[in-house]
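There are 2 protein chains.
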Amino acid sequence: MAKRSTVASLSALPDGDVVVAGWVDTVRDQKAVQFVILRDETGAVQLVTKAVRELDPEAADSAERLALTELIGTLNAGTFIRVTGQLAHDERVKLGGLEVKISALEVVAEAQPEPPIAEDSSIDKRLDWRFLDLRRPEANLIFRVQTVFEHAMRTWWVDNGFIEIHTPKLMASASESRAELFEMQYFETTAYLAQSPQFFKQMAQPAGFGAVFEIAPAFRADPSFTSRHATEFTSIDAEMSWVDSHEDVMAMHESVIVAGLTAVAEKLGPQVDAAFGVPVVVPTTPFPRIPLAEAHEILTARGYTVPRADGDLDPEGERQLSAYVKETFGHDFVFVTDYFTSIRPFYHMRHEGDSNLTNSYDLLYNGTEISTGAQREHRIDV
Amino acid sequence: MAKRSTVASLSALPDGDVVVAGWVDTVRDQKAVQFVILRDETGAVQLVTKAVRELDPEAADSAERLALTELIGTLNAGTFIRVTGQLAHDERVKLGGLEVKISALEVVAEAQPEPPIAEDSSIDKRLDWRFLDLRRPEANLIFRVQTVFEHAMRTWWVDNGFIEIHTPKLMASASESRAELFEMQYFETTAYLAQSPQFFKQMAQPAGFGAVFEIAPAFRADPSFTSRHATEFTSIDAEMSWVDSHEDVMAMHESVIVAGLTAVAEKLGPQVDAAFGVPVVVPTTPFPRIPLAEAHEILTARGYTVPRADGDLDPEGERQLSAYVKETFGHDFVFVTDYFTSIRPFYHMRHEGDSNLTNSYDLLYNGTEISTGAQREHRIDV
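Going down the list, the protein sequences come from chains A and B. Under this note's numbering, residues 1 to 382 are what the first sequence spells out, in order. Under this note's numbering, residues 1001 to 1382 are what the second sequence spells out, in order.
Simulated coverage check for chain B against chain A, where a stretch passes if three residues somewhere in it have a Cβ under 8 Å from a Cβ of chain A:
| hint | segment |
| --- | --- |
| 1 | 1019-1032 |
| 2 | 1040-1046 |
| 3 | 1149-1155 |
| 4 | 1159-1173 |
| 5 | 1179-1189 |
Simulated restraints on C-beta separations:
| hint | chain 1 | residue 1 | chain 2 | residue 2 | range |
| --- | --- | --- | --- | --- | --- |
| 6 | B | Glu1297 | A | Val93 | 54 to 62 Å |
| 7 | B | Val1282 | A | Ala32 | 56 to 64 Å |
| 8 | B | Asp1314 | A | Lys3 | 31 to 39 Å |
Worth flagging that the hints you see were computed from the coordinates, not collected in a lab. By construction, the Cβ of each residue, glycine as well, lies at the ideal position given by its N, Cα and C atoms.
Full structure from sequences and hints, please.
Right under this line is the structure:
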């Protein structure tokens, strides 16, 4: 069977025979002509055929054309079809300046006449029919952005000599707080789901790996129903030896984010802007850095006092600080540094001059904390 | 602090000041001169200094040099050090044709005098001290090969428009056989660990993703203690729409393996050959294909009858078939195709002409099954 062409590839092809395949977006069944908007994973294209409503004994292919016209008349939105036809570039066609004249159309998988979700369906209903909801071009685009972003990050790490590791998700003991631990029967004993690859990536340093990264699931038995908590999430981790301070870690952190956003801007920037009205901005480096104590002063000056007794920023504090950074430096990112020792785990290194502060940071992006970093404490006797 | 140079980068640097860091491999403490072989994640380098055994009142740095000599005399193998010195290219130095004359040496983390594992330690003991065992260059190399191989595969997928997905590992129901399912308490209900991303990657097709891939952990509660079973493993998965048959899947499968092995051969081929005595061979395409029924005939002709009643190949059958392919075609890989319907899951498509056979395959590599593929059955009424 002739190979299908993706919709996105059509604009570069010459006029002539093509095979396209995807699902029916809409059908316009006019008296003399029929249009099908076909969508695939790369875009949408207009298919067209003259409608043949009656048998014409003098035309050899009349029965075939009549059957095609009737078939198109029955197509439901969402039905998967494969179409053989002739590509014709034509500036007058609004959708991409080209169309495909249908020679033959095969129904591969038929959709129900009434789709279970519509434009205005609730999020719960959409999630019940997730595979249909993902056909929306904006939903598809999110996964493409993720693919490009991750691949650019991994490429930066690989090009810089980092080793990719796959750490165990079934563990014999907890890696972070025991409170958020999923527990399970493991044959005769008990296992826990990894909350983080933290200790494994740290142990890769005395193993002499130099620098490592991992993108993998992590699990936290956290029943909070907020956008900041999830029982399962994809954790992006890196760790490297021989840093002088957390400044080296922040420099690496900046580099992978810039690599990721550069790739997204180049490959998908216009699509993201068109779909979401958000231009993809590649940030300048270095990102602004603000010590936590100074962040509190900035927030106080803006009339906001962080309510948390331990001094950590709350979500509103993060939003306010990002707003300040945007106004002052025109930057989407900010490293909040030098967290108090009392609110950081034991493996964050203390300041050389002040044991109440750590060589650590959180990274905020447009008002939300997206990651945490630190220089590790390797001294057993601290 | 001056940035460290990796050992591998030294050969391209001019003579002059450098910082190197890693762990002590060996110390040769001679009367007049001391040598330290330093190892890092990229290789090994010889450090050298004149031994100063007595204070010389006429030399300004005499006390400092004496202290350095004494410090080097106490270094244990495995101790992490950071060294400032002068790089000198010198053809007479067997190890890489260069050495570093030590100016200053800092002990960063001291090793015990007696390492808990040695060259001849048992595998159990090695695994107890995994982070030390991984310092062996051959162990490190395995992870570098994995990194390069995976990245080349992902690059092929990304370049060919595949979307990377991260499918849930906590599931509400089983995805394969219920027998090998890990079960756990999930708040008020029960969850299962994903045995495979199978159904998610299939559902990505009606979602209109076109083609997807994932490299992620999978879990099987299989207590067998063989090299072919593991409770947790890294599963490499891809799935694509619009295939004409499993031939299209095999073509993709070949392409990613060739991409992976090409990258390994280019970047690490000589190291792999030196460490393991195994040249990295990039296979020619297409790989040989042998239908399962024909495989049985070949094995019978070699005097081996597969003992399994269901007709699937056993490990010895796989080894024998790979030996035949190596002798006959000089190839390390073979696709065994057209598996009997009775030994394949329901989602493997049946042959158009013979419902007892499926459009499926296993891939053998040097005698071991490394993967399984098939055209999916999308017809509900089969």
